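Could you put the whole structure together from the sequences, leaning on the hints where they help?
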Amino acid sequence: MSSDRSRAEGPADGDDASAEAPGETTPAAVRERLDRVTDPELDTSIVELDYVEEIRITAAADGDGDAVFVAFTLPTAWCSPAFAWMMAGDARDEVASLPTVADVDVELREHMHEREINRGINEGLPFGEAFPDADGDVAPVRAELDRKARIARQHDATGALLDAGLTGDQIAALTPEDVRFDETTDGTVPVWVRDGAVAVAVAVDPLVRYREKAAATGLLDDDHDELFRTPEGDPIDPDDFEVVRQRTRLAGVNMGGQGTVCDALNDARHAEDRPPLSTFSD
Amino acid sequence: MYVTDEGEELFVIDSHLHLWDASEENVTHEGGEQFIQCFYDYHTGFTPEDKQWSLEEYRKYGADRMAQDLFGNAAVDMGIFQPTYLRDFYADGFNTIEDNAELAERYPERFVLNGRFDPRDGEEGMRELERQKEEYDIQGVKLYTAEWNGDSKGWRLDSEEAFEFLDKCAELGIENIHPHKGPTIRPLNRDAFDVADVDDAATSFPELNFVVEHVGLPRLDDFCWIAAQEPNVYGGLAVAAPLAVHRPRKFGEIMGELLFWLGEDRLLFGSDYALWNPDWLVETFMDAELTDEQKDEYGVEFGVDTKRKILGENAAELYDIDIEAKKEEFRSDTLTQEFGLADHYAGGTSATPADD
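Chains P and C are the protein sequences, given in the same order. For what it's worth, UniProt numbering labels the leading residue of the first sequence as 1, then goes sequentially. For what it's worth, UniProt numbering labels the leading residue of the second sequence as 1, then goes sequentially.
Honestly, the hints are just simulated from the structure, not real lab data. Treat the hints loosely; a few may be bogus.
Unchecked claim - Chain P side only, calculated, beta carbon under 10 Å to chain C, not exhaustive:
1. 144
2. 217
3. 220
4. 258
5. 269
Said to hold, decoys possible - Take a look, some chain C residues computed to stay more than 10 Å from chain P by CB distance:
6. 73
7. 87
8. 293
Said to hold, decoys possible - FRET-style restraints, in silico, Cβ to Cβ:
9. P/132 <-> C/248: 43 to 51 Å
10. C/150 <-> P/222: 23 to 31 Å
11. P/28 <-> C/163: 34 to 42 Å
Being a predicted model, the structure only gives us computed values, none of them experimental. For each residue, glycine too, the CB sits at the ideal point set by N, CA and C.
The following block contains the structure:
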């Protein structure tokens, strides 16, 4: 139900946008970088979620490289400041990683803490300095959201393995070495079972996505060899495989449910007939 | 009452109501203005277009309109008020027990009035809780763990201070604890509505019931896992229910999970009025079904019997409401006379649908 509202996409005066010559920054390249930034609660790209409102590219002030301006709006002004901070910071880092970009300016719009976030992100401040009232950093929140994203992605990955014919026992026993990502062909990856006696072709995308979050949450370099874990990060007792699978399903349903709420708020916020909301003044 | 095409009656207890005041005169902090604006986006985001209110109506609607919206069209039989103070944002509070009492005292047989506490208020808060019990005979409290209070931006249900208040609740016979666990807003760097604190509180106070409002969305996963292990944890469906309007499939998934992990005896319907009007919401809830695929996946029923429990019987159980006695009483109470509902309660369980 993505709304039909029009979204401005820069650069505003057009000339730089059409330039595709090597060594220049294009809106498509910026967008591709932003596509890697996720709403951490929904584990979905901010581009896909339609948060990005404007991309503008100009020459950097010192003439060496480009300056990129990115503006985005979240579904509600009340969106968690910690989540908003992560998205703004990730957007800045992703765009800054383009070799032709010298400066990045990120603007979060219509948020209850837009001033603190925009200043903090663009001046490279730590969260605690941007928000003197906060009693800690955002790292624990990010770790928790990464953990949830890992669990939801595990559901898709184990679903692909079940579809390919593996049993719960076999899945619980898999190690990272059993999945041969270097031998991926035609969208499938060989997964070795029965002590390496048989390889089964499994859809690779869900496994790649899972591996990414398993790595981010430290599951690939801890003391256990098992590829898949319980939500708490422990190896799966084969007798509990089913209940772990049900819990991972729940993580995905939760994200989807919240995504639905955010989507509805986003549409309501941008609806053409939305009444002008009064601005508070002391 | 809701009456099905087959003539089956479902007694509706709306377990999540507010009589709020977000008029511009009452707002004292930018947060208060943003709060009502965010509510209004929830309202328009999920309300069918022809049922939407204007923002001005929404800010302050008053007791008369509320009575009309709940009972005038006979969608609701009884309601439970859940106060939300937010005194740091609103001069007279957003939705206080006194605000709610305005209507509850007019129709005492129709309403349950819940109170609230804030463990950061210490001794004074303890006395206030006693006053609420004495003055309004409250059986439940709505708790807002992310509410601001001076320098503090929130508190936890498993803290020592909170446990002192829960002890007091148990002592006073305030059995139903409704922590609000909804969308993450404040405080700044943390997840203000983390549901993990419910776990320890529920284990420590088996004599109390913990109704997690908004079923923890967006922490449905943590909530269900806790509730699966703690028999005194319940789920309030306010905010989840409207998903049935535009996203019936998503609603089916959420109901499937809730019925799978908690079962049909531990879920309570709530409109969250005035976020949403109960008339169309009850209708939508009754019409909602699980897809065949969802029935297979979850192995649960979401038919009339389950809906009857969720719409009223489960709340009646928690609040000691005798539904049959209430139906009898409602044939002639003030409200029935005022809104001309005598026919509505004339039937009884053997009633057949009118054939005219």
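Hint check results:
no., hint, in the structure
1, 144, "holds (7 Å)"
2, 217, "violated (15 Å)"
3, 220, "violated (23 Å)"
4, 258, "holds (3 Å)"
5, 269, "holds (5 Å)"
6, 73, "holds (25 Å)"
7, 87, "holds (16 Å)"
8, 293, "holds (13 Å)"
9, P/132 <-> C/248: 43 to 51 Å, "holds (45 Å)"
10, C/150 <-> P/222: 23 to 31 Å, "violated (42 Å)"
11, P/28 <-> C/163: 34 to 42 Å, "violated (56 Å)"
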